[in-house]
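**Student:** Protein chains in written order, with my numbering: chain L, 1 to 154; chain B, 1001 to 1173.
Any given hint could turn out to be false.
Said to hold, decoys possible - Below are the SDA-like pairs computed for lysine to any residue, each with C-alpha atoms no more than 20 angstroms apart in a straight line:
no., chain 1, residue 1, chain 2, residue 2
1, B, Lys-1050, L, Gly-16
2, L, Lys-42, L, Glu-31
3, L, Lys-38, B, Phe-1018
4, L, Lys-42, B, Leu-1024
Hints were generated in silico from the structure; no laboratory data involved.
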Amino acid sequence: MKLPALDHSNPDSWRGNLPITNRYTYGLAGERFFRAIKDEAKIFGTHCSKCNLTYVPAVIYCERCLNRLDEWVDVGVVGEITTFTLLYMNSDGSTRQEMDMIAFVRLGDGGLIHRLGEIDPGDITIGMKVEAVFKPPADRQGSILDILYFTPKD
Amino acid sequence: MTDRFAQYPGTPLSEGDFENKSVLFHYDEMHGEFAWDTGIAIRRYLDALKQGFLLGAHCRKCQKVVIPPRIVCEWCYQPMDEFIPLRDTGTINTFSLCYVTWDVQRIKEPEIPAVIEIDGASPRHGILHKLGEVDPRSVHVNMRVQAVWKTPDERTGAITDIRYFKPITEVGR
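Bound-form chain L, shown alone:
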């Protein structure tokens, strides 16, 4: 049998898509942390009395002395900008229509990475006090995005 000619219209690469899905649960501390954001618009940390540290977001074990942490602390919704960046690019590398302002906001001895809002990018300074702006209660899902952004606190 003679081999038929190669059909060059056929593809020379094999294309596919791996349907990977995942469901992440937040764990004992994360569950309570996000419940507080959703139901009370509060940000909680856990305090280690031995190390005198308040972890934000809350964790159930001290990462320094490994003690179980049971002391939950309302750290308030006002933090301090430790560092920030201006994002002009999406995660897929495409250019953003609107620039995003991202900051690490210090709360307790930890903090949250989140958006900044209601501020001119030129006015952002390190050490600035910023306050969390929450979605209306009905819209909150128990997610970090239940906080819309942090905005300057006078």
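Starting from the structure of chain L, add chain B where the hints point.
**Tutor:** Just chain B now, kept in the frame of chain L:
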């Protein structure tokens, strides 16, 4: 060990906990898109499947015939540039009855993947495919099988251009 399980019971969750939202969670999808360059030999193999036949490669030095074809002999490292069409019949080398699908759904009628030694290829050379038109209880090693193809206009140049292999009975074997 059982004592330690009692000491650290963990937090069991069921599907119902997600459905009635008694637990918070984040759902995400990763888009694992890929394009795999088939190379010379597999491209010819897929092209042959689209045309309705199986393709192997022959090593002139080792006198081996392998399927799927490759361009270098795994035994002597010589180039294998002789592609040869093979028959679409073969012999079951090993098989499994699977009652769970790839995405972990339980099924009543098993899927039956099998390694099939293709006629014309060297002994112990074959491909992995599925069996069909067969009673799962009757499947056995050394069973003779033949490919059941999609129609020419359904074929795309993929291993699934063969729907499955089904048992054949042959006189004189």
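**Student:** So if I understand the rule, the pair passes when the alpha-carbon distance is 20 angstroms or less; does B:Lys-1050 with L:Gly-16 pass?
**Tutor:** Measuring from Cα to Cα gives roughly 18 angstroms; hence the hint holds.
**Student:** Hey, L:Lys-38 versus B:Phe-1018, does the alpha-carbon distance stay inside 20 angstroms?
**Tutor:** Distance of about 17 angstroms is within 20 angstroms: holds.
**Student:** L:Lys-42 and L:Glu-31 were given as a pair; does the straight-line alpha-carbon distance stay at or below 20 angstroms?
**Tutor:** Status holds; Cα separation ~13 angstroms.
**Student:** Please verify whether L:Lys-42 and B:Leu-1024 have alpha carbons no more than 20 angstroms apart.
**Tutor:** The given pair, whose Cα atoms are some 16 angstroms apart, holds under the 20 angstroms limit.
Hint compliance for this structure: every hint is met.
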